[in-house]
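K.L.:
Protein sequences, first through last, are from chains E and S.
Anchor point for the first sequence: position 198 equals 201 in the numbering used here, and the numbering is continuous, going up by one each time.
Anchor point for the second sequence: position 121 equals 181 in the numbering used here, and the numbering is continuous, going up by one each time.
Treat the hints as calculated values from the structure; they're not laboratory data.
Since we're looking at a predicted model, the values are computed, not measured.
A portion of the hints provided could be inaccurate.
No more than 20 Å apart at the CA atoms, straight line, and that leaves these computed lysine to any residue pairs for SDA-like [as the list claims (entries may be wrong)]:
1) K331(E) / T395(S)
2) K162(E) / Q385(E)
3) K401(S) / T309(E)
4) K401(S) / Q300(E)
5) K401(S) / K162(E)
6) K160(E) / D86(E)
The lines below spell out each chain.
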Amino acid sequence: MSALDRRQFLTRSATLLGAGGLGAFAGVVAEADSHASAPQQSSVEQSRATLAAELAARVPFDGPHQAGILTPGQAQATLVALDSIAPDRSTLIVALRNLSERARSLTQGGTVGAEELDDPPPDSGILGSINAPDQLTVTIAFGASLFDGRYGLHALKPKDLEAMPNFPHDDLDPTRSHGDVLVSVCAGQRDTVVHTVRELMRSVVGHMTPRWSIDGFKSARRGPTPANSPRNLFAFRDGTANPDVEDASLMDELIWIPPAEHSSGEPDWAAGGTYQVVRTIRMHVEFWDRVGMFEQQNMIGRYRVTGAPLGGTNEFEDPRYDLDPAGKRIPLIAHIRLANPRTTQTANQRILRRGYNYERGIDEAGNLDQGLLFVAFNQDIQRQFATIQRRLEEEEMTDYITPVGGGYFFAPPGSRSPGDWVGSGLFV
Amino acid sequence: MLGAIVALAACAIVGSALAPDGSSRARPFAVSRLAPKSAPNPLAGRLSKVYGTNIPASRYGTEVADLEDEGTNLAGEQVSELSPLPPRQFVVPENEYRAYAQRWIAKAVSGASSLRRALVAGNRAAAQLAWATTWSDYLHLGAVYGLFAAQNQAIDGIPGVLPGGSASPHFLGLHRIEMGLWTGASLGSLIGYDKLLQGALQRLHAVVAHAQFTPLEYATRSHEIIEDAQRDLLSGSEVPWSGQGVLGTAAGVAATEEVVHTLEPLLSGRENTEGEVRSELLMLRGLLASIEHRHHGSYPSLAQLGSYEHEQLNGYVAGALSALEQMPGTLETETRRPVAKLPQPSPAERAQERAEERQAEGTS
């Protein structure tokens, strides 16, 4: 979110929430902004003002597409896969509507209500008396299993939606894979995510039950410029070659399901949605740390420090495969070369990656259980993600990673207005 | 000639370090004076330049050597500090390894026969014992992991990679039999899998005889075998039914010892890799022997392993790997050539890049 967006939000926040709570945050920021160049402002005040601005930043929930897809990646995330236990179609509708309504209220922020003293509070209250929006997005997606015989949705299943298959190097754990509904919760602060997950679970209790979940975090942007991509846990920059989300026609070409009149073969209700691919990829970091720098860089095709393609100096430099057809500079099986060959023929295979690092403690052998929570959005799984994944079967990095979970999901279009909800198009 | 000079110089340095420094304070081992970064080069008085270079000796002894210790040459390129080995020197070690592997294949084939006899006799305890022996024999091959992927799937394949998992009809081999033996399946239902296993093992003789691997692959196996054991066996992920992760790890350690043994002539004198590897493997082998002894002469399952034993094993395995990781670099056979540079962008392209960066900075 740009600085301008944040200021616009603060104005709205102050109006919406009054003098207390976020209004007070806004006041802090406004004061900080007006003295931005004042040398007497302490670093403590500056960081307080920055935090206040970040907590106040709000992402709209309603719109033609769901938030949390093109939205710049927030620092923290949790993905929760749910299985529906709703006994019938109408109960499923109630659950999905509740999910959207609660997600909308949390993403937009507000005061925490109170009910009678004898009643359980309607909100856990772990964020205090104000739920600051904190750039929160909640993205709701459906797995293939939701379209089985239980709710009469079979005919409406998006055409590419299936249970994610085992690719050759996968070792998928069924208890960490698939699910009827996937909820992606992303925000600036960990406590915002934790609170949101807790509240969303309350909103569907008795109708949906958690199947698996995983927490993710982004590495801080440590420069050298704000434009440089953050690093994954193999220490290489991740997301360098992502398509430009500001380019609306490119997003129509690569991400969004087109309107039905384009004969995409997708059901009408899916227009404006997108396929979400999630892969929990364990990175064997101890193994990786035993690999020489030369080999590490050759496996990726980039310099570890700068992120520049081998032979280059700038992270965003074109690797110029045309000048290196034999792979002498960047090996033919380097990750970046297989993932995105940068040819005319492969241009429409590009995907939008929105991944996170994850960390789950240690395993039984004393090794760190860490890796990449790969999240990608694309218009056509077979044309895009699956094609790339098949190319990547050749890469040497497969020795250092094991995909252990995840799934294929479909993120429907956004809810159109506060009375609407994500997935309503399935039930018209 | 150069060797003699270096030897003399080494004696001079060590001698000066160990000699009393004449001060009133007692400093019997003045090790900190051995190689201070900015000390004048003690060879400078006798050497004017370093053989094979035009670099003054006084400079070489300080700046250049420091750079080389950090893996950088005078041009700022990252280089190895060891001269590469000729690849032909790996022929003998690899042949020795093939012969070793053939012996263990023969043992595994024999083990599969014992397994069949136990299945036919309906003796589950004997079948479990024969399974463990056969599996351990197979894991003694260690260093040929990955060189016969299709065969390995038929012998030691895990269900997770198959569509349908353990219910897949393609789930065969040792782990299919393991699942049946430890989950109460009738022994008769396992007959047939043993035959397929034995056939796959027998075919390995020919595969191993013709297996080709590069020196780097062979040197890298020396730490990959135990890495695999750590990841798949000590974690329990690939032995969910028998829990025989310690047994499998011990077999991997034996395979590693064999690889290191075949490479010892090449390691000699190259850094201190040989000494560190020997020491760490010895400690790991000692720990495994003590665990075996404490559990009455056989390796415990992971469930039977005490928590401190498990911690020790995790730690000693990690220690061995920290030594073994040096093997590929120590046995390098290639000089790394500098990477060709990409053409520099034109001034217009540079201006465009800067504009894009500024824009990104403004919107991040």
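K.L.:
Against this structure, judge whether each hint is valid.
P.N.:
Status of the hints after comparison with the structure:
no., hint, in the structure
1, K331(E) / T395(S), "holds, 15 Å"
2, K162(E) / Q385(E), "holds, 10 Å"
3, K401(S) / T309(E), "holds, 15 Å"
4, K401(S) / Q300(E), "holds, 15 Å"
5, K401(S) / K162(E), "violated, 45 Å"
6, K160(E) / D86(E), "holds, 17 Å"
Figure legend: structure checked against the earlier numbered hints; the only hint not met is number 5.
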